[in-house]
Amino acid sequence: MEEEKTPKISVWNLPDVPKGKLPAHLELQRTRVICTPDAATNTENIRYSGAYASMGVDNSLRLGHFRDNFRVEVVRLTEDDMEFDMIGIDASLANAFRRILLAELPTMAIEKVLIANNTSVIQDEVLAHRLGLIPLKVDPRMFEYMSENDVPNEKNTIVFKLHSCCERGSSRIKVLSNELQWLPRGSELTVSTEKPAVDPTSRPRTYTSFNCSQDSLPEFSNNPIGPKHDDIIIAKLGPGQEIELEAHAVKGMGKTHAKWSPVATSWYRMLPEVVLLQEIEGEIAEELVKKCPVKVFDIEDIGKGRKRATVARPRSCTLCRECIRPDGKEKEKEQRIYWDKYVALRRVKDHFIFTIESTGALPPEMLFTEAVKILEDKCERVITELS
Amino acid sequence: MEHGSYQDQSQATFSLTDEDHTLANSLRFTLNQDPRVTFCGYSIPHPSDARVNIRVQTTGDPASEVLKDSCQDLMLICQHVRSTFDQAVVEFKNKNSLDAINIGP
Chain A
1 MEEEKTPKIS VWNLPDVPKG KLPAHLELQR TRVICTPDAA TNTENIRYSG AYASMGVDNS
61 LRLGHFRDNF RVEVVRLTED DMEFDMIGID ASLANAFRRI LLAELPTMAI EKVLIANNTS
121 VIQDEVLAHR LGLIPLKVDP RMFEYMSEND VPNEKNTIVF KLHSCCERGS SRIKVLSNEL
181 QWLPRGSELT VSTEKPAVDP TSRPRTYTSF NCSQDSLPEF SNNPIGPKHD DIIIAKLGPG
241 QEIELEAHAV KGMGKTHAKW SPVATSWYRM LPEVVLLQEI EGEIAEELVK KCPVKVFDIE
301 DIGKGRKRAT VARPRSCTLC RECIRPDGKE KEKEQRIYWD KYVALRRVKD HFIFTIESTG
361 ALPPEMLFTE AVKILEDKCE RVITELS
Chain B
388 MEHGSYQDQS QATFSLTDED HTLANSLRFT LNQDPRVTFC GYSIPHPSDA RVNIRVQTTG
448 DPASEVLKDS CQDLMLICQH VRSTFDQAVV EFKNKNSLDA INIGP
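Going down the list, the sequences are from chains A and B.
Using our numbering, the first residue of the first sequence is number 1, and each one after it goes up by one.
Using our numbering, the first residue of the second sequence is number 388, and each one after it goes up by one.
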């Protein structure tokens with residue numbers, strides 16, 4: 001057996017491992033999640049400050065370094081949803097913002113429903129449940145929380161009235177959410193008491209005690225409070241059926257019930273990175289381009305009729321892993337290609353593509369700002385508890 | 388609530404009520420980045436109770452000081468995130484309104 005002649009280098013003459021910078025494979029391990037055909041590997045964040053101490057690399061948090069490298073790029077911003085990129089932040093913070101957006105941002109939603117008359121086929125509790133889920137277009141920061149002992153007043157309650165009936169002889173009607181009428185003066189249903197009112201001219205006691213009409217507040221005088229969408233079907237009534245009810249909306253958080261969540265949903269994903277490990281030309285290139293369902297790859301002509309595959313749209317990669325799955329039974333054994341020699345799928349660990357879909361109470365950019373403020377408040381609470 | 392020893396201030400377990408992974412994971416991230424910390428982690432004793440135990444062991448500094456510093460670091464990070472985000476939104480809106488003006492007649 002012949003051995004290859006390797007040049008003899010003395011141990012003392014070997015090139016130095018560069019200090020102060022990580023070698024390429026460790027840098028890859030630190031900053032990328034590697035997706036293999038079976039699963040994603042390397043997902044944990046190496047955040048310990050002394051992790052690379054033996055290499056002379058300082059892995060600790062340097063606020064100046066964070067400030068220089070952190071970027072936000074907004075991709076799409078409409079009235080109801082937005083998509084933006086956050087670069088240079090850690091997964092734990094991105095997840096904290098997502099959790100706060102879902103569960104700890106307050107909104108207003110209908111909580112108590114006082115039903116005066118319901119002869120429809122929808123049961124009382126089902127009707128009340130549906131009313132609770134209707135998103136209301138009102139800024140929750142103008143209201144306060146209401147606890148058990150509080151009296152419902154104009155600072156913590158919004159009152160709506162719904163009175164709909166279907167005439168006998170007409171066909172079925174749908175009760176839409178635009179029939180929810182806002183009552184700025186408070187409840188109109190009177191509380192029945194055994195003793196008759198002492199003073200016949202005084203106003204009878206209702207279920208809420210509004211001191212002033214909500215109409216008179218400057219925020220509400222020009223834009224009345226109502227549901228965000230006018231065409232939500234609340235119930236359907238047949239001839240002769242009637243619904244008469246009053247609904248009180250209060251402030252709450254998604255933690256208690258999902259109706260108080262201000263986002264339809266919000267999610268993030270890491271930026272995908274698709275890398276071609278070798279030059280892919282000719283027929284193999286065409287096969288690769290056909291494999292991808294979201295057209296990440298493209299064919300490029302390099303003259304003389306030769307074609308080469310390039311990565312055109314890595315951002316739209318959904319990580320279906322079709323491009324690295326080894327060929328199966330559809331080909332003969334000798335012709336099967338192991339694609340993971342050609343393509344590497346990775347995700348960048350600190351680049352997050354955030355999407356926020358708001359239900360309408362607040363615009364999405366304000367929602368994110370409020371979520372960050374809530375995280376700051378939590379930290380402050382911990383600091384005050386410790387001191 | 389801090390569970391530690393009066394003799395050795397450098398290690399303690401902090402039990403926070405009304406908290407969950409949201410704050411605990413972020414605090415763990417900033418604590419890990421602090422070079423004075425030798426060990427830090429968090430656990431949730433039972434998912435039905437809203438209680439988090441954060442364990443901090445340092446190289447000599449009192450654990451509560453290190454935790455306070457990490458909370459302040461986290462607050463600074465949040466403020467920077469907020470200002471960068473607001474700036475980016477304003478720039479995007481300006482850019483889009485300019486495009487709208489340019490496209491129009």
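Calculated from the structure, these hints are not laboratory results.
Note that the Cβ used here is the ideal one computed from N, Cα and C, for glycine as well.
Each hint should be verified, as a subset may be incorrect.
[Claimed, not checked] Calculated from the model, a selection of chain B residues having no Cβ within reach of chain A, i.e. all distances over 12 Å:
hint	residue
1	SER451
2	GLU452
3	LYS482
4	ASN489
[Unchecked claim] With a straight-line cut-off of 25 Å between C-alpha atoms, the simulated SDA-like cross-links for lysine to any residue are:
hint	chain 1	residue 1	chain 2	residue 2
5	B	LYS482	A	LYS349
6	A	LYS349	B	ASN412
7	A	LYS373	B	HIS408
8	A	LYS373	A	ILE233
9	B	LYS455	A	LEU63
10	A	LYS349	B	GLN398
11	A	LYS291	A	HIS257
Going down the list of hints, with the structure as the test:
no.: 1; hint: SER451; result: violated (5 Å)
no.: 2; hint: GLU452; result: violated (9 Å)
no.: 3; hint: LYS482; result: violated (9 Å)
no.: 4; hint: ASN489; result: holds (18 Å)
no.: 5; hint: B:LYS482 to A:LYS349; result: violated (29 Å)
no.: 6; hint: A:LYS349 to B:ASN412; result: holds (16 Å)
no.: 7; hint: A:LYS373 to B:HIS408; result: holds (17 Å)
no.: 8; hint: A:LYS373 to A:ILE233; result: violated (36 Å)
no.: 9; hint: B:LYS455 to A:LEU63; result: holds (16 Å)
no.: 10; hint: A:LYS349 to B:GLN398; result: violated (31 Å)
no.: 11; hint: A:LYS291 to A:HIS257; result: violated (43 Å)
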